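Heads up: the protein sequence lines correspond to chains A and B, in order. Oh and the first sequence: position 164 is 164 in the working numbering, straight run, nothing missing. Oh and the second sequence: position 92 is 286 in the working numbering, straight run, nothing missing.
For the record, the hints were derived by calculation from the structure and aren't laboratory data. Computed from a predicted structure; not experimentally measured. One thing to keep in mind: the hints can contain errors.
Simulated pairs of lysine-lysine, DSS-like, Cα-Cα distance not exceeding 25 Å [claimed, not checked]: (1) Lys164(A) / Lys518(B); (2) Lys395(B) / Lys462(B); (3) Lys367(B) / Lys518(B); (4) Lys172(A) / Lys530(B); (5) Lys423(B) / Lys462(B); (6) Lys530(B) / Lys488(B); (7) Lys433(B) / Lys164(A); (8) Lys371(B) / Lys172(A); (9) Lys423(B) / Lys494(B); (10) Lys172(A) / Lys518(B); (11) Lys368(B) / Lys327(B); (12) Lys280(B) / Lys367(B); (13) Lys518(B) / Lys433(B); (14) Lys164(A) / Lys530(B); (15) Lys423(B) / Lys488(B); (16) Lys395(B) / Lys423(B); (17) Lys395(B) / Lys172(A); (18) Lys325(B) / Lys368(B); (19) Lys552(B) / Lys433(B); (20) Lys552(B) / Lys164(A); (21) Lys164(A) / Lys494(B); (22) Lys462(B) / Lys172(A); (23) Lys518(B) / Lys301(B); (24) Lys327(B) / Lys301(B); (25) Lys325(B) / Lys395(B); (26) Lys488(B) / Lys433(B); (27) Lys172(A) / Lys367(B); (28) Lys433(B) / Lys530(B); (29) Lys325(B) / Lys280(B); (30) Lys327(B) / Lys280(B); (31) Lys552(B) / Lys488(B).
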Amino acid sequence: MMRATTLAKLAASASRTTPYARTLSFHTNTSASSSLLASSSVPTACTAALSLSQQQRGVSTSFIRKRVNPVERPVSPHVAIYQFPLPAITSITHRACGVSLAAVVSYASFVSLTDSPCELLSSIDSVVAAGGLPLVATKFAVGAPLAYHYINGLRHLVWDTTGKGLDLESAKQSAIAVIVAGGAIGLALAFVGN
Amino acid sequence: YTSKRFFFEFSPLSLSIILRSLSLSLCRCLPSDLFFLCFDMFTSSLSLVSRRMLAQRAASSFSALCPQQTALYASAPVSSASSSVKTSNPVTFEVYRWSENPDGPQKEPTTQLYTIDTNECGPMMLDALLKIKEIDPTLTLRRSCREGICGSCAMNISGTNTLACLCSIEDAKKRAKKGPGQLIPSSVIPVYPLPHMPVVKDLVPDLSTFYEQHASVEPWLQSNATPAKEHLQSVAQRKHLDGLYECVLCACCSTSCPSYWWSGSVVKEGEPQYLGPAVLLQAFRWIVDSRDDKTEQRLKSLQENHLKLYACHGILNCSMVCPKHLAPGEAIAKLKVLMDTPAAGQKSAAPLANATYKELFL
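Extracted from the complex, chain A is given alone in its bound form:
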């Protein structure tokens, strides 16, 4: 009986949000402006849905989760205490390299289009002319993020298109492979060419 009505409700709802999906949106944060803590409050939508189903079953509706005294709760520490494993390190490095690459490209594009591309080119030339360690360091600083981001991007492509290689062992092995390959190609880019 209960199941039939639930199925009927589901069939009837043409929109993608079901009655139960709406329960997501009720975790309120009352004092939004200065509140830095998560505050618990009465979940009104969930209460309504629950009581309807419970009424159908003839169950007493008084025993519903009610937080009468909303308390400002602290959020437990996260970044400060978590020990991030290797795949997580590769992931944040991928993001950092992407941001730095985007910044470099944006800066170079902006300068080329507006101010004085000659200045940028001449500063590059001076670094090239200086040679030695500054040149290698600069080339590594630009080439290593590019290589690493590219190879890790291929790893993500394999994950997204085939859904394979995501078990623990494969993930750890591919993480090491990406770091080694990215570093190696970055070094190659730094030392080869002029």
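Could you slot chain B onto chain A? The hints should help.
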């Protein structure tokens, strides 16, 4: 949520600790350590390390500082013959403490150090925590089955989310010593609640958002057929559920995901949110169940906003941390592949998506 609520403050010791940690980590000569070092240096864990260093030095003389604690052990009934040869194995724990103040403003969370003799308790972290409760009964934690099947005692031990009843004290000590998660290895075992969750008290997080997210994917069988007996299923179809049905909903995976931290665990009303690896694993479990007939609706509901499924960026902290050795990251990737199929509303399927769909459903 800003750094104002961080209870770790920078201490003058932190500079010396940075230098020490630099020399220690460079000695290991691993690129991953360097990456992590740079990352960790910019967090406020520096002061945490200084506290832990002080705790380590204090732990050795802890019994001298706290005669009450040692008195508790001396009073345990032990036969005089064995007491002389009884060895002790003291271990120090740093445990997160917070309780609400019913009247007036809330106080800041703190950590409390406890030293117990691990020869007097069982081998698991849960045994140690219950031993600590003998010293300090106000320490509050969830626990029930003590065998890793109920999922109640999920917490963050030595920087990793596990079930306390499945994490041995030796293992926690090794992880705390190894680092580099705590920047400097330490023999003090840190015990924290699940990360980035509202705290009810001490090690008890508020999991109501987690449960509501689970309810939102409608985790029950929705079948059009009403067979006289069972819904029949072949052996191969039942095999698809292996690795999915064993989830105990402990929330270790979801609370280990940085994406869930930023857009799933503490959400404002009406805003789109990331469901988290545990809930997405369960959503996948019902999509892949051959007896269920609402596959299209389930797939389409995950496309409702840009965060429900797609806030996952493949960080894979979830698979690393699952105490039942499941792979939520893999399930989420398969979900993303299935989004490319006509069942999810796409006009045509990419060849690889088609292959996955055939493997799972035909």
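| task | Find the hints from earlier in the document that the structure breaks and name them by number, from lowest to highest. | result | Hint check: 5, 9, 16, 17, 22, 23 fail, others pass.
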